[in-house]
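Participant: The whole structure should be built from the sequences, with the hints applied where relevant.
Keeping their order, the protein sequence lines are chains A and B.
Per our numbering: the first sequence = residues 253 to 807.
Per our numbering: the second sequence = residues 253 to 807.
These are computed hints drawn from the structure, not numbers from a lab.
Please note that the accuracy of each hint is not assured.
Identical copies look the same in the list; a pair holds intra-copy or inter-copy alike.
[Unchecked claim] Simulated crosslink set (DSS-like; lysine-lysine; CA at most 27 Å straight-line):
hint, residue 1, residue 2
1, Lys792, Lys635
2, Lys483, Lys735
3, Lys735, Lys569
4, Lys256, Lys723
5, Lys635, Lys723
6, Lys670, Lys483
2 protein chains.
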Amino acid sequence: MTEKMNGAESLVHTLIAAGIDTVFANPGTSEMHFVAALDRIPGIRCVLCLHENVVTGAADAYWRMTGKPAATLLHCAPGLANGLANLHNAMRARSAIVNIVGDQATYHRPLDAVLTNDTEGWARPVSGFVRTAATAARVGADAAAAIEAARTYPGQIATLILPADTAWDAGGVVAQAALPAPAPHANVHAVEVAARLLRSGAPTMLLLGGAALMEGPLWLAHDIAQATGAKMLGPVSPARVARGRGRVPLMRIPYPIDMALESLKGIKNLILVGTTEPVAFFAYPGKPGYLYPEDCTVHVLARPDEDGPGALATLAKMLGVAEGCGGPRFRGDDEKGCGVDEKGCGDDEKKPGDDEKKRGDDEKKRGDDNLPVVATGAITPEKLAQSLAALMPEDAIIVDEAISYGRGFYPYTFNAPKHDWVQLTGGAIGAGLPMATGAAIGAPDRRVIVLQADGSGMYTVQALWTQAREKLNVTNIILSNRKYAILLHELANVGANPGPTALNMLDLSNPDLNWVQLSEGMGVPAAQAASMDELNALLKASVERPGPFLIELLV
Amino acid sequence: MTEKMNGAESLVHTLIAAGIDTVFANPGTSEMHFVAALDRIPGIRCVLCLHENVVTGAADAYWRMTGKPAATLLHCAPGLANGLANLHNAMRARSAIVNIVGDQATYHRPLDAVLTNDTEGWARPVSGFVRTAATAARVGADAAAAIEAARTYPGQIATLILPADTAWDAGGVVAQAALPAPAPHANVHAVEVAARLLRSGAPTMLLLGGAALMEGPLWLAHDIAQATGAKMLGPVSPARVARGRGRVPLMRIPYPIDMALESLKGIKNLILVGTTEPVAFFAYPGKPGYLYPEDCTVHVLARPDEDGPGALATLAKMLGVAEGCGGPRFRGDDEKGCGVDEKGCGDDEKKPGDDEKKRGDDEKKRGDDNLPVVATGAITPEKLAQSLAALMPEDAIIVDEAISYGRGFYPYTFNAPKHDWVQLTGGAIGAGLPMATGAAIGAPDRRVIVLQADGSGMYTVQALWTQAREKLNVTNIILSNRKYAILLHELANVGANPGPTALNMLDLSNPDLNWVQLSEGMGVPAAQAASMDELNALLKASVERPGPFLIELLV
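Facilitator: Rendered as structure tokens:
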């Protein structure tokens, strides 16, 4: 077999050998041998997307929900460029993606054919690893290296560029990627310092990111905070948070600069767990860039590439937080040293119901007894969040690109059934619909509900077609305010009293977008809702029925 | 005024002073001061697009039709990334664009806020000029330098990056960009060599690109070819060609590799006029990369950055091609030395009818007497081209992203009314609908007809909304074959007998896209046509009525 195998076939075999079973694809001519190899060799599900930014956003969310990297299949240079925005978001989420990009044949590149451009150069700013295969014989080994790089804790984008001749030449050799290593331990001295800061009595905050936002570590952090009087927050844009009844109701740093500064006011010690220093999303004239007070000490308990949950467990022990060993999920599990999830943000192998079995009576004590009920009447952001909390099924995945309209959703959904909240991480809008698509591929038994601002949704509206084709369990809620609302707010911040030119550039009416037509044009059934009652009925029907649906919410 | 002006205001004044009056915009937060300045200072038309790749594709075609650069207004890093594919096409078209990209404030960039990425690095592969403004006081001068760079013959992309603080800080100074210089003369020795080759009697071909594809230079080339027995061709992907009755019926090098090789077979001397050596679009196993025979000599008469029309005029004189002085347009104009158009590919100030006045009886002699008539019955590519030739109005602009379906359109439209043919130049699909949008903004009195493959059209479908908002005279013909037909062809070339996985990745049905719903969802009225008769009726009605329309042609 080996002597007859071409480079593309060795690539497919190497992916399969590493457990990679999903490729999000938008192929072009230079990828035809890769397509042919995927066709001949069973074992990989190929999901066609009609735009590269759907491919990359889907691969990002697939990782966030499964902890397994998907591969992409992108066309050379400008094809990759089309997918960079969601690769940027994936990079900020620290997601693992094996990003495979075709390219001109090695010997054709010097001829500068019109579709030639700098594939490597465009890939580099979003990739932790970039390699262009030189020969068919090297493709397998290069792919294994890319897979290993992608799975480096907590995850990164590994771009493998495949010149056409390295795909079609004979001589491919299958390689075996090493298994992913566990997360590196945080520095024990960092844990000691954190314990001292928490015991000091000075106002201290735990800022949690990455794997520390899963259910168990959040309880660890919660109990540490309870025992020491510390505060807890999440970053503005976490990749994935475990939420709902029986879980820790963690707030995020707010997006608006003044609210963000207020949220850290008076803090003297800021302890970072799996995240970086909080900074303003943008600079604003006369406002600080760092969000913590000038006299605040920043202490890194665990870097994003270190084991944050493990560091919290060690810290809890050091502080003698007896009750704090892992929250409901891990209660009664002390023998195993608070066995926090070592798989990073992907815990796909946890079965729905596992947690409940362990939890017992604790849930009622910790949960919110006020079960959510649907809201009625005119639509407001708070009511939307309330109905969402009431109607989302257990283990739902909420994908949040609601932008300005969704800023108040968080507190109204703490008492929802257990769910994961997956949101835009890098500020490059157009992630919501693709992420919903990839999350649904990764977690087919869970309902995905995407809260999608209309202006942002238009960037990657093509994702709806893949939802229809793959019959994905996604409920798309489009928040149709028909303007770039966040920019109107920002323009007001600038102090401008906008005239018609500015308003025209921030206004999405004239003509109004009709999302029902857009959605049905791509095969996803859809309806408008102009009141909470209409929304409630549509949302309830949608989550009870398999397949995708779109609700255009006229807000 | 100066001491109160901020950087953004100095930018707007500098653009206006240089005659730039159109901005294609997709703004974000870091561009709010630029938006506010555009709002306060009259003189620039701002055209909102719902995706950055619509912005950049529109700016490309605006240049191709007007010869004046538009400016863009793009959001930082990932915003620019979203527009790179059509910047790539614009680079290959050698279009001039003043590409303005916002960015993080200079002092905020080191904080690595989540929306930060390598704006300069992403811009460089498509730009002839990249500069990041350092202070508000420098913005005007930097903008003038960018405008001058963009207008360097024949045109290039000049990227000006505007950190937020350089826009909002006071101290802006307006600068005056230098007027564009005329095209540099080709080397006179190159003209002498070309004359010798043409006189040699060996099989010789003129390969024409850039400004040599305008009406006058094409006649010059035609007459040189007639006098010397040389052949003429255009490149595979020219940016703009003057075509129709009374103009030279120039063929392009075909896209398929075997046909491309055939088109240059037997040529001993290849003379390049404003274009580069012809190479295969992609490499194919066992096929050559250069399209000309191994024993062919390649001679550069004029590089793309030299005055191709001027070189043709000098060459015609040197060869004593008496009748060849400019064709109908310039006939009787010998006193002025065959005054070829010195404005490059933009000749917006030529009024419809100017040519006719000069042409007189020559037109009948040169034109095709077989006036086109509409085709009826079942739809074929040839019939579509024939009906297009019969129904397009005088001075139409045909935007061609028909891909595989449109390869045979050329010969069937030689006898159409005079028109310009504008096509995908860089192979990065998703240019058609944006280019149609920008062409219609640049040439509001002309009907734009875009021949758009369905798969490619989906990449930038958002362009339709801008057509609706701006009430543009665009007829969008979607060639709805519901597959990536070109890739099925390429897969067959690979020798694969495709199975369901491959077919699934190249098939756009399941579900079918409904282009009528997509179009109406963005405010562009639309209808389906399943026969030539239905197409004829819809096309005729559309070109007679102002505003946009979309025809989904079921092919």
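Participant: Confirm or reject each hint.
Facilitator: Now for the hints, and whether the structure bears them out:
no.: 1; hint: Lys792 with Lys635; result: within (15 Å within a copy, 50 Å between copies)
no.: 2; hint: Lys483 with Lys735; result: neither (36 Å within a copy, 55 Å between copies)
no.: 3; hint: Lys735 with Lys569; result: neither (51 Å within a copy, 60 Å between copies)
no.: 4; hint: Lys256 with Lys723; result: neither (37 Å within a copy, 58 Å between copies)
no.: 5; hint: Lys635 with Lys723; result: neither (29 Å within a copy, 38 Å between copies)
no.: 6; hint: Lys670 with Lys483; result: within (23 Å within a copy, 73 Å between copies)
Hint check: violations occur at hints 2, 3, 4 and 5; the rest are consistent with the structure.
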